[in-house]
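Q: In case you want the letters, here they are:
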Amino acid sequence: MPSLDDLRKRITSVKSTQKITKAMKMVAAAKLRKAQENAEKGRPYSEKMNNVILNLSKSITDKENAPKLLVGTGEEKVHLCIVLTADRGLCGGFNTNIIKKAKSYFEKIISENKTLKIITVGSKGYDQLKRQYKSYIVENISFKESKNINYFDADKVGKIIIEKFEKNEFDVCAIFYNKFKNVITQIPQEQQIVPLNEDKDDKDDTGNDNDYEFEPDEDEILSNLLPKNISTQIFKAMLENSASEQGSRMTAMDNATRNAGELVDRLTIEYNRSRQAAITKELIEIISGAESL
Amino acid sequence: MSNLFNIDIVNPEQSFLSKDNVFEVVIPAVEGEIGILKDHIPIISFLKPGIIRVFSESEEQSFYIEDGIVEFKDNTLSVLTSSIFDLKDADKNFVSESISSAEAELSKDNIDDQKRFLLNHKVEVLKSISIN
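The listed protein sequences derive, respectively, from chains Y and X. Residue 93 in our numbering sits at position 93 of the first sequence, and the numbers go up by one each step. Residue 55 in our numbering sits at position 55 of the second sequence, and the numbers go up by one each step.
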């Protein structure tokens, strides 16, 4: 049975924790709104980029000589995985969910005797993966310094990927990130970016005109466009990720605040009860002392 | 019959400009400037550093654009670019910095002809901005 003093200390400590989680929730909510806005603003660019590439790839007739970034190297031996996570913790299952998704993919690759290479973006992902997959991690990038997600950072990652592709260091490249659905739900995603997989939901606008005029020719445009598309996809993933991170943190902190409240209630009842017990005990002692006189 | 069409300029962070009342746009395509009017045939091209001019009924706007892709289809011109700014609020420091970084790039030996051409062109355009 904890003493009255212990209980009192416990209550104060839980209360101050509650204050912190509450503040974190508010901050996350404010940041979430901005991140969500950014994600929405960034969407037209990646959509348009996708459309252009789709139109282009449809009009390419000579599949054999098409750029390798589009059709792949023809082999599937070396897989490069880009795992995008947050730089900070305390955001519920956000990081863990991505890692889980990535790990199951890794296991599949390893069991098929293919070579695995990992690039982690964001320090949390590196922390969680280095225990098990240290030997596979080829690069670890973190953008802790930049306050906002910007295209420049995404471009850096994109350039690393292109560079590795040109050196024939991998055949297939996939990125892992959380897609922001709403504040409560974030869906871990696995997206293949090299070779480019056509999105199924983009299929509905097929069958129309193939009569674009190209200047210069298709191949040249494609080979210029595809590297840009990779950066764009990374950027999109980073935007989605940052909105997801804030949403996830907000929910987690909201839960923590509520749990702390419950804990305070329970502790207060216990405190009052033992205070009352102590008073009763003293009274009984006084009364029985008086009776025995 | 109206002779107006739509233009959308987007960069990765946001939609930069969206108008539905332009009658001519001149874009610095990689093989020379192209003027686009309504009912142009569908075209995809990419851009070299230069000035993009947008003529609408009420005004004329000019932007400096560094690279990007254009797509014209169904009377909508989409311009995708990663760096663009309005000539009206061009930052003198930024312009001169860009010139010097491009010139530094030019002085390296290991660049190919095409890149050299693009860089030369970029310096030229940027210099013409800083004079105005």
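If you're looking for bench data, these hints aren't it; they were derived computationally from the structure. It should be emphasised that the depicted structure is a prediction, and the values quoted were computed from it without experimental measurement. Misleading hints may appear alongside valid ones.
Keeping only pairs whose Cα atoms sit at most 16 Å apart, straight-line, the calculated EDC-like set for lysine to aspartate or glutamate is [stated by the list, open to error]:
#: 1; chain 1: Y; residue 1: 114; chain 2: Y; residue 2: 75
#: 2; chain 1: Y; residue 1: 117; chain 2: Y; residue 2: 145
#: 3; chain 1: X; residue 1: 73; chain 2: Y; residue 2: 211
#: 4; chain 1: X; residue 1: 73; chain 2: Y; residue 2: 215
#: 5; chain 1: Y; residue 1: 41; chain 2: X; residue 2: 103
#: 6; chain 1: Y; residue 1: 117; chain 2: Y; residue 2: 139
#: 7; chain 1: Y; residue 1: 48; chain 2: X; residue 2: 13
#: 8; chain 1: Y; residue 1: 147; chain 2: X; residue 2: 105
#: 9; chain 1: X; residue 1: 115; chain 2: X; residue 2: 105
#: 10; chain 1: X; residue 1: 127; chain 2: X; residue 2: 109
#: 11; chain 1: Y; residue 1: 48; chain 2: X; residue 2: 8
Q: A separate judgement is required for each hint: does it hold in the structure or not?
A: To see whether the hints hold, each was checked on the structure:
This hinted pair checks out: residue 114 of chain Y and residue 75 of chain Y have alpha carbons roughly 11 Å apart, not beyond 16 Å. About 25 Å separates the Cα atoms of residue 117 of chain Y and residue 145 of chain Y, which puts this hinted pair outside 16 Å; it is violated. Only pairs whose Cα atoms come within 16 Å are accepted, and residue 73 of chain X paired with residue 211 of chain Y is accepted, the gap being roughly 10 Å. For the proposed pair residue 73 of chain X and residue 215 of chain Y, the alpha carbon gap of about 15 Å is at most 16 Å, so the pair holds.
Proximity of residue 41 of chain Y to residue 103 of chain X is assessed by CA-CA distance (about 34 Å); at most 16 Å being required, the pair is judged violated. Our distance criterion of 16 Å between C-alpha atoms is met by residue 117 of chain Y and residue 139 of chain Y, whose separation comes to about 9 Å. With a CA separation close to 13 Å, the supplied pair residue 48 of chain Y and residue 13 of chain X stays within the 16 Å bound. Of the pairs offered as hints, the one joining residue 147 of chain Y and residue 105 of chain X is violated, with about 29 Å between alpha carbons and a cut-off of 16 Å exceeded.
Under the criterion of a C-alpha separation no larger than 16 Å, the hint pairing residue 115 of chain X with residue 105 of chain X is consistent with the structure, at around 10 Å. For the proposed pair residue 127 of chain X and residue 109 of chain X, the alpha carbon gap of about 23 Å is over 16 Å, so the pair is violated. Distance restraint check for residue 48 of chain Y and residue 8 of chain X: the Cα-Cα separation of roughly 10 Å lies within the 16 Å cut-off, and the hinted pair is therefore satisfied.
Comparing the model with each earlier hint shows violations of hints 2, 5, 8 and 10; every other hint is respected.
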